[in-house]
Amino acid sequence: MSTEPDRLPLTVIGGYLGAGKTTLLNGILAEPDGQRIAVLVNDFGDVDIDGRLLASVDGDVLTLANGCICCSMVDGFAETLETVRGFADRIDRVVVEVSGVGEPRKVARWAHLPGFTPDGVVVLVDPLSVRDRATDRYVGETVVNQVAGADLVVMSRSDVADKADLAGTEAWLSVMTDATVLQSPLPTAVLLGPGLRNLTAEDAPAPTSPPHDHVSISRHLDGPVTRKSIDAWIRARPGGVVRAKGLLKVDDRPDDRTVLQVCGSTTTVTVDGPWDGGAEAVVAIALPGTPRAALVKWLNLLG
Amino acid sequence: MRDGRFLAVGDPDDLVATYGGTLDRTLADKVLLPGFVEAHCHKDTGGLWQYTYVGYEARTDPDGRSWPGCTTFDAVVERLREADRLLADPNEPLLAWGLDPIFWSGDRLDRRQLDAVSTTRRIFVAHSNMHLATVNSALMEAEGITPDTVAEGVPKDVSGWPLGELQEFPAMALAGAAFRSFFGRQRSDEAIHLFGKSARNVGVTTLTDLGTSNLLEEAIVSQWAGIVNHGFPTRVVMFHGAMQNGTVSDETCAAALVELRKQSTDHLRLGYLKLLLDGSIQGGTARLRWPGFHHGGPNGIWLIPPDQFADRLAPYHRAGLQVHTHANGDEAVDVLLDAVAEVQAAHPMPDHRHTVQHCQLTTPGQYRRIRALGMCANIFSNHAWFWGDQHISITVGPDRAARMNAARTALDLGVPLSIHSDSPVTPLDSLHVAWAAVNRLTPSGVVVGPDERITVAEALHAVTMGAAWQLRMEDEVGSISPRKFADLAILEADPFELDPVELRDIPVWGTMCGGVLHPAAGVGD
Ligand SMILES: Nc1nc2c(ncn2[C@@H]2O[C@H](COP(=O)(O)OP(=O)(O)O)[C@@H](O)[C@H]2O)c(=O)[nH]1
Ligand SMILES: [Zn+2]
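Protein sequences appear in the order of chains A and B. As numbered in the working numbering, residues 1 to 303 make up the first sequence, in order. As numbered in the working numbering, residues 1 to 525 make up the second sequence, in order.
Pulled out of the complex, with its shape left as it was, chain B reads as follows (with noise of 0.2 Å):
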């Protein structure tokens, strides 16, 4: 190694006698992989963790310390009281988030138990999802939600009190300061500090934060750059989210990007851009062809309208910038081909790389389409853990279930294939991300799609050099090569050795990024 790239990579003996230097047998005992690059998580994954997790998993924060789940009523009102206790100012509203009430069997929190934590401070609870919270009375009155308030997502007692729910960011934002706090912060120079922890302690080495900061605005590029480019643990690549464009058209977006690229460092890489066709799957608002949900509910929705998805795409294609457009369901995935073919009909461009995000119901006819016209897939292959047993059940049937995130169909079609956390919707962890894909297991216990399973070998291949492809950095990162950076996940197993089962349960020793070792948290103390 040297200047943080790898000089060479060979037998240590003849390297040593070659090129000089030392022998460095510091990690002589740990299995080194290239660093895993994550293409598709956004920066939020760190910025929740400044406020207290009481979510049913247990889960690790970015320093190391691990928080069992709230697997009761019990548990999440003691997590609160003692994060109650911490707090100095008793005007600062207790935040949190995690919560999911999906496990306790119709139960619902409401300010009842919120209040048994605190009648003086306001509590905020966003739930998993993102999309409900639950607050206490305290919120309540200092908000002035009352049985005179009419908004739609705000549930009542029957005595026509607010429970303390608020559901969908309309009602959400009733809770006025502590609402505001909660997606304020994750705009602290603390997020993205966070952020670059929780990647170091999972191997991850190049971070992508999918467009969730509007990087038109010159004060948050410099706010990352100052960050990224001293000393962070990962490189980060930044996706401009173009529905975000506000006072300016597509053309004029563009160009700025185009401009913007040019302040990329070895660390932060700028010129993404990002945009979205439909909702979730789990949320019932991803576009479904036909049949459809298969429980029954309507179709999802458009965040473009399909008919001018060509038109937002072309002038982003012409300024030869690679497009990555969210596309969750079949119909979406559907759209968004036909416009690509468009586009490059008119503008042929080769090596676009414009990549589908998601693509969780792809039919093998859309991938050799995908395949056929130069993109590439992300596939969203946690989802078989996380949601595997509602989509058998509830979502889209076991049928297509079993043909969900079909990696093992796209790799077979040929198409470039990464596969990706979305952190913090699952938790950034490219190691489960792989073993998603390896086992496609559910917590019941079902292997959901045994024919769409993929091999360790390929698995991490997708959340390396698949995803560095996908980033136009397969020069740079993705494997252990001459000249490319010096980036390693640092393991206390191989993965080669393991039963494929055990693949997410390997120990993770830290990271090196560009030669400088970052230990994860608790490593060595």
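For reference, chain A alone in the conformation it holds in the complex (with noise of 0.2 Å):
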């Protein structure tokens, strides 16, 4: 049994100059965790493409050997989603990379268009900088309007960065945001979202990149679930759930598809059209450490 999503997610990921989102993009396009993922960037010189793994060029659109597909926003948003909503049957999921002073909350409403869901807002952070960078005269509001609108916030060059700095950006980010803090490297299921597809295999756990244990997943769900039961789960979400999703009917809306989503600290619950005959199911993706067995819980409040 499958569904082939007639929304393809899309998420939006930002940061200041230099905080590491071509390293992230790079990152993913590497190791997209069988996920055909197309990116969506400013300039092609953003993304360091090997020779060797691209399949075709095509104008404005690069194909790589593994699915993946790269595109540039040359024609402005629109008419980029418009070529991108052209590849539903070819792609899986979008990924958009903000410009270093584009504000990616506001990217995020372009996920509504036919053919779209948004699928959170992620903002890169370079710990050793983003504290100056918030004072500065020029771009402080930018970079403080950047962090307050993500609901994840990631912070690079973990590996560099020494302990202090870390623990003091995120007392820093504590204050400034209400999003979800973590450090990279995570696996393009956390930064992403999980596969859509991942809902419909039988209750396997869905996968996560090997060298990360993030704690993974999904279960069945089986006729309508109560509007209240939605209301308990959102509100009993465990500690160390960054991602999850489910595509569910509601019993006061029984004839239509039904999304929660969890990003970082935002959950939304939306509709977005009739149900389409696949199945009811739900994934979350946690922190290493996370206890299954609350996790387990969490989803059974779902009926």
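Honestly, the hints are just simulated from the structure, not real lab data. Treat the hints loosely; a few may be bogus.
Covered stretches of chain A (chain B as the covering partner; in silico rule of three or more C-beta atoms under 8 Å from a C-beta of chain B) [what the hints assert, rightly or not]: (1) 98-105; (2) 110-118; (3) 136-144.
All figures in this text were calculated on a predicted structure; none of them were measured in a lab. Beta carbons are placed, not taken as given, at the ideal position from N, Cα and C, and that holds for glycine.
Combine the two chains into a complex, taking the hints into account.
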């Protein structure tokens, strides 16, 4: 049993110049975790694509051997997303890189266009410089707004920053934003969200890349869930959960597809159209060390 | 005149005696000025007239039809009904523009009024600031805009139904095919022809497109060349907007523009570059120095990171290209001036003429630096009329409003000056632009910053020679001089004999461009 997602999840990646966006995108393209990802960038100079990995080049679209594609946004958002929608049968999700002075939260508004569904705003920060940047006379507000608008903040350079920098930045971030704060490197499924196709696999845990010991769990549901149990589920979210996604029927909207989504600090419940006959399921990913039992109990709240 | 140029200028009898030829008295009762040069407008000026105008102010379209302002909801509905009747294909969306709810004291148009126009045809009405649109129920149904739509910028009524207003581009794009058609048709041949007609109606013989086209696309250049090089009523100077680089580096882009420049003709000029630093003052997105916006809103946005700006500028500067940079706020101007100082120190380039576009809050100190750095200023003087009252009471407060668009200061400090409309942001009309700089009147009757007014002669210089200098066309257009192109603005009254407050009311007979007469729409019918 498999459902083709009719809406491509769209994740926005932001952060000031040098925060590590390109490095992160290159990592995602190198290890897409079984997902075919379309990466939208302002210019190709950003992504370092090894010639041998290129399958084809067609104007503003590069296709890689692993099925991922890379598009430049030369024609603006509306037209680029229109182009990407044309590839919906051969990609699983979309990542948009926002310019260093852009506001990722504003860019995420584009994810409501038909054919797409928002899947989180991830903002990178450099733990060594972000606090200075935030007081810069020219770009201070921009950096503060980027962080404040994030669902998930990722500190890059955790390999070179010392503990004091990381702790100091984390403390500062906890004042500046409600977002969940994590350190790189992170598996693609955490950065971008779990693959929708994982939802329809039998109750096996969704895969994550081997070096990461994030805890992942999924569950099938059978029949409409009550609105009350969804509210309870939202309130009972255990610590450590970073990502979750559910496609289900709700008792007061039994003919429609309701989408539950957790990205970092943000939970949304939306209806994205009539039920299409696919499986009702939910998947969650939590930080290493999160007790699996707590996650099982949490998903069981959905009846 | 010979071969589209002025051969000599002087006493008619002497000229005929010396050069032969005949004396043409066709324009004997007109007042001839050098053709106006609009150094900052956009090609969308013409294209919008492919759609129905529903703005508050009366406007005349490129074909000379005057459209009274729609000052009530009923007037908007009536105008749209008429347009609906004229559209034969029931599936074609009705597109309209210019709506300005700011004048309707709180009341906003929504889908219900538009449903009174049609319950079956999709209707898309763009607001005058182009950041909002209102659509009808038929469009909402066709595009799936429902109570389940959770997108930001889609306000809803108490029952949870979207009102039909779509705020900012991500929400406007929900209007699907109608949205794409509204912006897509701006690239039509018809849009270019309307642009030329609009210019002819107001005495403009040199137009610009400040970077709304991607000139690295061969198809766009050949479309413009195919039209502008064949009997078009104006010259056109096209700027590449380098935000749109996409797949190429600035170095590659600079080299491409140097090559492109070689395709320039007498009518079409290529190889110009535009960069953008900040947003707009009325939109709250310009970058202001202390103390920021009078309304207390947050400071604006950067479109290019300030600490990258010099690196973006450098490749174009080194290639010998002139760079025009959009900088509205004074803080954005600081970044621009620092960057020009940096690239000049590394690669001194005499007479580069890098130009500050808009410079609305530029201070006397900054004008001194502009002069010292060899730069030019193109000031957005029309703001006094179009937003002067709002600048006084809301955006920057009375003190800075009086010092905004400081043309007097710029001239006194020796800065090469032009003034512009930024059409379609304000209407294409050089006499209006000059009138605004001379009078600095607001609609409520206030003279905002009388000390920054300039004379009629200075203002007319700014929209002719001043603009020609900034486009590096000072030896070809901008004055009635021997060997320059025979370009004229042909007026029905002498601007130097009127009360300066009547400057914008002077009827325009039309233009001459390269010796060819182009009567304004309606003239001679
Ligand atoms: N050591 C280390 N360097 C990093 C990391 N992330 C980024 N960098 C480096 O930081 C610089 C800026 O990163 P980049 O990805 O280009 O940032 P962007 O401007 O946000 O795209 C580059 O030299 C990267 O190699 C990280 O996690 N660890
Ligand atoms: Zn402009």
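Provide an ascending list of the numbers of those earlier hints which the structure does not satisfy. Hint check: nothing fails, all pass.
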